[in-house]
Amino acid sequence: MKAFTTLTGIAAPLLRANVDTDLIIPKQFLTTLVRSGLGRHLFHEIRYSPGGRELPDFLLNREPYRKATILLSGPNFGCGSSREHAPWALLDFGIRCVVAPSFADIFFNNCFANGILPVVLPAEQIAQLAEAEGPLTVNLPAQTVSCGGRSFRFEIEPARKATLLEGMDEIKRSEANLADIEAYETRRRAEAPWLGVGGN
Amino acid sequence: MSPRTLYDKIWDEHLVATRADGTSLIYIDRHLVHEVTSPQAFEGLVLAGRTLRRPANILSVADHNVPTVDREKGIADETCRLQVEALEANVKAHGVPYIPLLDDRQGIVHVVGPEQGFTLPGTTVVCGDSHTSTHGAFGALAFGIGTSEVEHVMATQTLPQRRSKNLRVRFEGDLPEWTGAKDMALRLIGQIGTAGGTGCVMEYTGPAVRALTMEGRMTLCNMSIEGGARAGLVAPDDTTFAYVAGRPLAPKGELWDAAVAHWRTLASDPGAAFDQEVVVDLRGMAPQVTWGTSPQWVTDITGRVPDPAQARNAEERESILRALDYMGLEPDTPMEAIPIQAVFIGSCTNGRIEDLREAALVARGRKVAQGVRALVVPGSGLVKKQAEAEGLDRVFLEAGFEWRQPGCSMCLGMNEDRLEAGVRCASTSNRNFEGRQGRGSRTHLVSPAMAAAAAVAGHFTDVRRMEVQR
Chain Y
421 MKAFTTLTGI AAPLLRANVD TDLIIPKQFL TTLVRSGLGR HLFHEIRYSP GGRELPDFLL
481 NREPYRKATI LLSGPNFGCG SSREHAPWAL LDFGIRCVVA PSFADIFFNN CFANGILPVV
541 LPAEQIAQLA EAEGPLTVNL PAQTVSCGGR SFRFEIEPAR KATLLEGMDE IKRSEANLAD
601 IEAYETRRRA EAPWLGVGGN
Chain U
638 MSPRTLYDKI WDEHLVATRA DGTSLIYIDR HLVHEVTSPQ AFEGLVLAGR TLRRPANILS
698 VADHNVPTVD REKGIADETC RLQVEALEAN VKAHGVPYIP LLDDRQGIVH VVGPEQGFTL
758 PGTTVVCGDS HTSTHGAFGA LAFGIGTSEV EHVMATQTLP QRRSKNLRVR FEGDLPEWTG
818 AKDMALRLIG QIGTAGGTGC VMEYTGPAVR ALTMEGRMTL CNMSIEGGAR AGLVAPDDTT
878 FAYVAGRPLA PKGELWDAAV AHWRTLASDP GAAFDQEVVV DLRGMAPQVT WGTSPQWVTD
938 ITGRVPDPAQ ARNAEERESI LRALDYMGLE PDTPMEAIPI QAVFIGSCTN GRIEDLREAA
998 LVARGRKVAQ GVRALVVPGS GLVKKQAEAE GLDRVFLEAG FEWRQPGCSM CLGMNEDRLE
1058 AGVRCASTSN RNFEGRQGRG SRTHLVSPAM AAAAAVAGHF TDVRRMEVQR
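Protein chains in written order, with the working numbering: chain Y, 421 to 620; chain U, 638 to 1107.
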């Protein structure tokens, strides 16, 4: 996973509530066997006409937002389906950070697994960022989002922050607890012998 | 020890380690795997040179993109076929138990797990699917995960987790006639909103929950995620044990007795502290129907489409306006006056035998209205077989419904079961998001009885007023 420290780039304001993962990446693109290549289908149904032409009014079809690396949005971002294709699509498009007043739990987790930083800020601060001129800077070590002279601090759990700063492989981290896992399994087999699937 | 909630108890029993940074490593007992969210996980494992720690603790089945007609002839859509073939190759290579597509036990992963006795009380259950919350009906801590976490569980049989908040949902009163678990779920979500349970595990309590069958409890827990909670729980009781007993993968003999003795301890202690509590009054509740593009936008069948002018603020007004525009609805329209062109009865929410019986009661001796296309998709091959043994397939076919093979089907339309733009559907599924059942499709969430009633009426109608013999 790619580490995340600071990011300066174009922030696209998609300021609606409850952006669900079906909207981020619709069903017809979930048959892929790989993680890459979903960026061109990001927000497909509101980005293209049924015939596949770009809808000129849609944010990400306009300059400068075609090159956005940050997304500003409304509350409960990423609700619905657990599909990790949603962060894969954002990442493949070039989005490394989503700023919203709140996130749905599964999407929030999926972001960290992919080196995307989900930033929680109050809606009124996000509105100010959306109106500010120029590029936006996200500084993870300092936990700030700044744009056009405005700067807001955000909170992030220390373990989450460390994961992103180091671009850590979570599986490798859990493998460090192998002795604990083995001890747990031995204990559980004795305490709850019915847990073997089919009595095995 | 201080009083604990059911969630606390399951958490404590599955705690493998607490790490220096404050995160906890939780053991995962059961892992359900399907074709859509697993290929990248298997690939990741192989690339990293890792193996599956406990392949026997996995149950895999293809459900999301499989055809629901003529599947004996194979899968016509090439990308869907390749994905199912990838699952078959992966489970073979890694020794993972798999239910083949043409097996009677095949079906929606959340119908199959409980049916096979794979889902047990007090266990942790995960799946790369948000509706894993379904299994909470057994008093199992069950939640959806992303593909990276699928890979994590395959490799380590654990997940790093943060403790969730305890949210108690107390349903007051008994269920009125012709309302059920689906109406309870929709009513709750209407009350707390789709983010109401974010960061929480919801425990469902109250006499109406106790009175629910296991299938009803699964319907209720299934939609926990639509209320923002990753997991929902119902404390196990005799109803639970009677359902699990004798299932193929459930413990037997002495192990069964030991298991039940333990499972009886799995209830929130008197005086256990909940972070939040929500009370939902079921007295006088009418069957529920959603009108918008989020499950929280729901009303009584006797209600009307809301007027954006009545919105609490500008933001809400704009949201309602966009939803009404997408749904093609005028403010103040009575719900019963809204015509439909499609009906979908099925999904992990309402694709079980009791759901089909309920719908068949309404369909019996009636005809699907002209211009309406109605699908019945059983949740599994075993549900289909049972329904056919009871003659329900004949009831549906004679009424003009299509009787399909099991799968997720039109709940999300990954296979060819999709709606055309502008088509309005009474659906027993769980999400009415924009485009969920096909680009431009308009989904209204209802119970199986209400879906069948809409099918024969050609518009939403109050099933309580129909002459139906229970």
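Treat the hints with care, since some could be wrong.
[Stated by the list, open to error] Some chain U residues near chain Y, calculated using beta-carbon distances under 7 Å:
hint, residue
1, Ala-654
2, Thr-660
3, Thr-716
4, Pro-888
[Stated by the list, open to error] Computed footprint of chain U on chain Y, listed as stretches where at least three residues anywhere in the stretch have a Cβ under 8 Å from a Cβ of chain U:
hint, segment
5, 509-516
6, 550-561
7, 603-615
[Unchecked claim] In silico lysine-lysine, BS3-like type, Cα no more than 30 Å apart, as pairs:
hint, chain 1, residue 1, chain 2, residue 2
8, U, Lys-710, Y, Lys-592
9, U, Lys-710, U, Lys-1022
10, U, Lys-710, U, Lys-889
11, U, Lys-802, Y, Lys-581
12, U, Lys-889, Y, Lys-592
These are calculated hints, taken from the structure and not from any lab test.
Glycine included, each C-beta is placed from N, C-alpha and C at the ideal position.
Open item on the list: Please verify whether U:Lys-710 and U:Lys-889 have alpha carbons no more than 30 Å apart.
Closed with: With a Cα-Cα distance of about 38 Å, the restraint between U:Lys-710 and U:Lys-889 is violated, given a limit of 30 Å.
TODO: Sort out whether Y:Lys-581 lies within 30 Å of U:Lys-802, counting only the CA atoms.
DONE: holds, 21 Å
TODO: Examine the segment 603-615 of chain Y for residues whose CB is less than 8 Å from any CB of chain U, and state whether their number is three or more.
DONE: holds (count 7)
TODO: Hold the hint about U:Pro-888 up to the distance rule: shortest CB distance to chain Y must be less than 7 Å.
DONE: holds, 4 Å
Open item on the list: Just to be careful: measuring from the Cβ of U:Thr-660 to every Cβ in chain Y, is the smallest value less than 7 Å?
Closed with: Result: holds, 5 Å to nearest chain Y Cβ.
Task: 30 Å Cα cutoff - pair U:Lys-710, Y:Lys-592 - done: Distance of about 43 Å is beyond 30 Å: violated.
Open item on the list: Three residues or more, CB to CB closer than 8 Å: is that satisfied between the segment 550-561 of chain Y and chain U?
Closed with: Violated: only 0 residues of the segment 550-561 of chain Y have a Cβ under 8 Å from chain U.
Open item on the list: Would the hint linking U:Lys-710 and U:Lys-1022 be met if the CA-CA limit is 30 Å?
Closed with: Between U:Lys-710 and U:Lys-1022 the Cα gap is close to 20 Å, so the pair holds against 30 Å.
Task: Proposed interface contact between U:Ala-654 and chain Y, which counts if any beta carbon pair is under 7 Å - done: Holds: closest Cβ of chain Y sits about 4 Å from U:Ala-654, inside 7 Å.
Open item on the list: Hint validation: U:Thr-716 versus chain Y, beta carbon distance must be below 7 Å. Holds or violated?
Closed with: holds, 4 Å
Task: Within 8 Å of chain U (C-beta), three or more residues of the segment 509-516 of chain Y - done: violated (count 0)
TODO: Please work out if U:Lys-889 and Y:Lys-592 have their alpha carbons no farther apart than 30 Å.
DONE: violated, 37 Å
Hints 5, 6, 8, 10 and 12, counting from the list given before, are not met by this structure.
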